[in-house]
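K.L.:
Please work from the sequences and hints to get the whole structure.
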Amino acid sequence: MKTLTELKQYYESDLLPDLKVLETRRLQIVRKLMYVGLALGIIAAIVIIAILSYARGNLIALLFPLIGGGAIFMLAMKFFSQGYVGDFKTTIIDKIVHFIDQSLNYDPHNCLSESTFRSCEIFQKRPDRYQGDDFVYGKIGKTEIKFSEIHAEYKTESRDSKGRRQTHWHTIFKGMFFMGDFNKDFAGLTVVLPDTAERLFGRLGRKLQSLNFTRGKLISLEDPEFEKLFSVYGDDQIEARYILSTSLMKRIVDFKKKTNRRIYLSFAGSRVFVAISYDRDLFEPRLFNTLLDFAPIQQYFEDLQIAVGIVEDLNLNTRIWSKQ
Amino acid sequence: MKGEQAMWWIPVVIIGVILLFAVIFYNSLIGKKNQVKNVFGTIDALLKKRYDLIPNLISTVKTYMEHERGTLTEITELRARAVSGGLSDNEKVALDNKLSKMMGGIMVAVENYPDLKANQNFLQLQGSLNEIEEQISAARRAYNASVTDYNNAVEMFPTNIMASMMHYETKALFEITEKERQNVNVGELFGS
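These protein sequences, in sequence, are chains A and B.
Going by my numbering, the first residue of the first sequence is number 207, and it counts up by one from there.
Going by my numbering, the first residue of the second sequence is number 588, and it counts up by one from there.
Where hints are given, some of them may not hold.
Dumping the calculated SDA-like pairs for lysine to any residue here, alpha-carbon to alpha-carbon at most 25 Å [claimed, not checked]:
#	chain 1	residue 1	chain 2	residue 2
1	A	Lys529	B	Val695
2	B	Lys635	A	Ser528
3	B	Lys635	A	Arg525
4	A	Lys348	B	Gly673
5	A	Lys348	B	Asp631
6	A	Lys423	B	Asp631
7	A	Lys529	B	Pro642
8	B	Lys624	A	Gly394
9	B	Lys636	A	Ser451
For each label pair, taking beta carbons as the anchor points, the in silico distance ranges come out as [as the list claims (entries may be wrong)]:
#	chain 1	residue 1	chain 2	residue 2	range
10	B	Gly618	A	Thr362	34 to 42 Å
11	A	Ser319	B	Lys704	40 to 48 Å
12	B	Met753	A	Asp441	24 to 32 Å
Some, not all, of what chain A presents toward chain B, calculated at C-beta under 10 Å [said to hold, decoys possible]:
#	residue
13	Asp387
14	Asp391
15	Ile425
16	Ile449
17	Ile526
18	Ser528
None of these hints come from the bench; they were simulated from the model.
Don't be surprised by glycine CBs; every beta carbon is placed ideally from N, CA and C.
P.N.:
Spelled out as structure tokens, the structure:
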């Protein structure tokens with residue numbers, strides 16, 4: 207486990223030189239964007255004045271230059287920063303991944319497959335849009351791991367008052383998705399979901415949960431702290447308890463407290479899947495702030511460490527049963 | 588006249604609803620009782636699996652563990668008694684507790700025999716034994732959960748009315764003995 211002090215040293219010795227190179231590129235991009243922004247601003251101002259003088263009272267028309275200008279600006283941002291983001295990831299993030307563990311591999315443009323994401327049955331809704339990046343894979347001790355950022359969404363369509371079709375996108379999951387070898391062999395599926403009903407409704411909530419038909423049987427476990435935070439569904443009462451031993455339940459509770467985020471787990475095919483919800487994008491370089499600060503580097507390190515640390519937090523390297 | 592006509596079907600509906608609930612409660616209690624029996628059956632099957640591993644364990648460690656000859660013989664005897672059959676549920680549990688304690692002692696004593704610890708056969712056997720112990724522990728926990736569910740139905744209102752009519756009584760839980768807690772620790776001992 208690398209410490210923050212070690213990271214600081216590594217940052218000063220190995221990362222700063224690369225960061226300085228990238229910083230020059232960032233400043234170039236920001237300058238270009240300022241010119242674009244200025245040009246757009248002038249055009250928008252002209253259009254607004256024109257609208258105000260010729261289409262009196264039609265204030266809605268004012269939205270068009272504003273929204274159009276904003277959209278063009280966003281496109282420009284994306285266009286200019288493409289190469290920059292890719293290079294940042296292949297230099298800086300790649301280095302941080304190897305700093306954490308030499309044997310890990312990093313691919314900025316890949317992610318865990320949609321079939322893997324769906325196979326763990328944490329999220330049962332079929333995604334209409336599935337994307338991800340920052341794929342890390344390798345072996346920590348005896349445990350093979352793979353993780354990446356994932357953003358999965360589904361869409362609903364509706365018709366507004368004018369009869370036009372509108373598409374609305376809803377997030378199924380956004381955040382870090384982790385898959386690892388589990389230290390015991392098992393055949394079925396067990397899913398651990400954040401528990402809302404029990405917290406709100408107590409016993410009645412439990413009764414409602416047991417009626418959930420899309421999931422397997424509700425498994426009530428003995429650890430009260432665990433039960434307050436999660437509800438467990440599985441197809442076999444005994445196998446679920448074989449997997450979720452008293453010590454693993456405690457470890458999961460500690461892990462949830464450590465990350466302080468919404469987490470979901472699933473055990474399928476002798477593997478464990480962990481989904482950690484984030485609303486921000488991880489591992490993206492700043493555009494409008496200096497790259498030379500230590501704070502974002504620390505953030506990247508901590509985010510990566512949370513995923514890699516799952517192996518130790520869930521004790522996956524302890525192989526005292528049949529599976530080796 | 589209208590009032591009299593409306594009245595006659597009210598008691599019929601009330602009786603119908605009571606009967607409906609009676610059926611629901613009856614079935615629910617039967618289901619819970621059967622679930623308890625189901626899990627106990629699985630525990631029985633797992634215990635048998637563990638008994639099957641014992642002869643292999645004895646033959647693997649016999650040649651190494653000079654000082655534990657006495658314990659090993661006792662374990663063989665206990666096992667023979669356990670598989671011979673004809674034991675009541677309580678006797679099975681008592682026998683299993685005794686056997687577990689002795690086996691726990693053997694696994695700890697292995698620490699004194701580095702040759703044995705490195706033996707591939709033994710390591711594989713140890714893995715299987717740990718796995719079976721963990722599964723038995725899981726089955727016991729599932730049993731306790733089923734019994735708690737059943738006991739709740741027998742004691743809580745309104746299903747307790749139906750339960751007393753069926754002469755259902757509360758069942759006892761499996762005690763997770765100190766030995767069992769120790770079992771987990773022994774596993775972690777060997778884990779490093």
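K.L.:
Taking the hints in turn, state whether each one holds.
P.N.:
Against the structure, the hints come out as follows:
1. A/Lys529 - B/Val695: Within the cut-off at roughly 22 Å; holds.
2. B/Lys635 - A/Ser528: At roughly 18 Å apart (the allowed maximum being 25 Å), A/Ser528 and B/Lys635 satisfy the hint.
3. B/Lys635 - A/Arg525: holds (24 Å)
4. A/Lys348 - B/Gly673: violated (45 Å)
5. A/Lys348 - B/Asp631: violated (33 Å)
6. A/Lys423 - B/Asp631: holds (23 Å)
7. A/Lys529 - B/Pro642: holds (22 Å)
8. B/Lys624 - A/Gly394: holds (22 Å)
9. B/Lys636 - A/Ser451: Judged against 25 Å, a Cα distance of about 20 Å means the pair holds.
10. B/Gly618 - A/Thr362: 34 to 42 Å: holds (39 Å)
11. A/Ser319 - B/Lys704: 40 to 48 Å: For B/Lys704 against A/Ser319, whose Cβ atoms are near 42 Å apart, the range 40 to 48 Å holds.
12. B/Met753 - A/Asp441: 24 to 32 Å: holds (30 Å)
13. Asp387: A/Asp387 check fails; min Cβ-Cβ to chain B is 16 Å, beyond 10 Å.
14. Asp391: holds (8 Å)
15. Ile425: Nearest chain B Cβ about 8 Å off; hint holds.
16. Ile449: holds (8 Å)
17. Ile526: holds (5 Å)
18. Ser528: Holds - the Cβ of A/Ser528 comes within 10 Å of chain B, reaching about 5 Å at its closest.
Of the numbered hints listed earlier, those contradicted by the structure are 4, 5 and 13.
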